[in-house]
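J.: Please model the entire structure based on the sequences and the hints provided.
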Amino acid sequence: MWATADESRDDIIGLWHRAWAHADVTIETLPIDAPGSVRWWQHTPVTLHHILVHVLAEVNRHAGHADIVRELIDGRVGWRRPSDNVVQGDDAWWADYRERLESTAREFA
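Sequence positions in the sequence shown follow our numbering and run 12 to 120.
Just so you know, the hints here were simulated from the structure itself, not pulled from any lab data. Warning: the hint list may mix true and false statements.
[Unchecked claim] Derived CB-CB ranges, DEER-like:
1. Asp-22 to His-65: 19 to 27 Å
2. Arg-29 to Ala-103: 34 to 42 Å
3. Ala-14 to Ala-106: 17 to 25 Å
4. Leu-41 to Asp-101: 34 to 42 Å
5. Glu-18 to Glu-69: 17 to 25 Å
6. Leu-26 to Ser-48: 20 to 28 Å
7. Trp-105 to Thr-15: 12 to 20 Å
8. Glu-82 to Ile-38: 28 to 36 Å
9. Glu-113 to Gly-47: 29 to 37 Å
10. Gly-25 to Tyr-108: 20 to 28 Å
11. Trp-105 to Asn-71: 19 to 27 Å
12. Arg-109 to Ile-23: 15 to 23 Å
Built from N, CA and C at the ideal position, the CB exists for glycine as well.
T.: What follows is the structure, encoded as structure tokens:
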């Protein structure tokens, strides 16, 4: 979940607004204990309440992206065991992924 060099600021903000509108309708329409699923959480049963709490925790964690500095210092990502929290990949996969992110960031510099 990162912006590519081909995506404009307006594209990214537009996506945010569409996601925001969808979330508003979901929260207004469904009961707090409505069951749901999150594709990358595999078969973990969730409710709207669970997802809302998770999103609040993520916003808190990533606000200002100060966690990037901490991640660079201690190498830990997320708030759970890495095996539960991030995409699984070997060292080569992560090196390639990091290079793609850095290459995209350099295009904007």
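J.: Can the suggested window of 20 to 28 Å be confirmed for the beta-carbon pair Leu-26 and Ser-48?
T.: holds, 21 Å
J.: Tell me if the beta carbons of Leu-41 and Asp-101 are separated by a distance inside 34 to 42 Å.
T.: holds, 39 Å
J.: Given the hint of 34 to 42 Å, check if Arg-29 and Ala-103 actually sit that far apart at their C-beta atoms.
T.: Given range 34 to 42 Å: holds, Cβ gap about 35 Å.
J.: Using the Cβ atoms, figure out if Glu-18 sits within 17 to 25 Å of Glu-69.
T.: holds, 21 Å
J.: Indicate whether the distance between the beta carbons of Glu-82 and Ile-38 respects the range 28 to 36 Å.
T.: holds, 30 Å
J.: Does 19 to 27 Å hold as the CB distance between Trp-105 and Asn-71, or does it fail?
T.: holds, 25 Å
J.: Using the beta carbons of Gly-25 and Tyr-108, state whether their distance is inside 20 to 28 Å or not.
T.: For Gly-25 and Tyr-108 the Cβ distance comes to about 26 Å; the hint holds.
J.: Honestly, do Arg-109 and Ile-23 meet the 15 to 23 Å range at C-beta?
T.: For Arg-109 and Ile-23 the Cβ distance comes to about 21 Å; the hint holds.
J.: Between the beta carbons of Ala-14 and Ala-106, is the distance compatible with 17 to 25 Å?
T.: holds, 21 Å
J.: Okay, Asp-22 versus His-65 on CB: inside 19 to 27 Å?
T.: Roughly 26 Å apart at Cβ, these two residues keep to the hinted range, so it holds.
J.: Mind checking the hinted window 12 to 20 Å against the Cβ distance between Trp-105 and Thr-15?
T.: holds, 19 Å
J.: Confirm or reject the claim that Glu-113 and Gly-47 have a C-beta distance inside 29 to 37 Å.
T.: At roughly 35 Å between Cβ atoms, Gly-47 and Glu-113 fall inside 29 to 37 Å, so the hint holds.
The earlier numbered hints are all upheld by this structure, with none contradicted.
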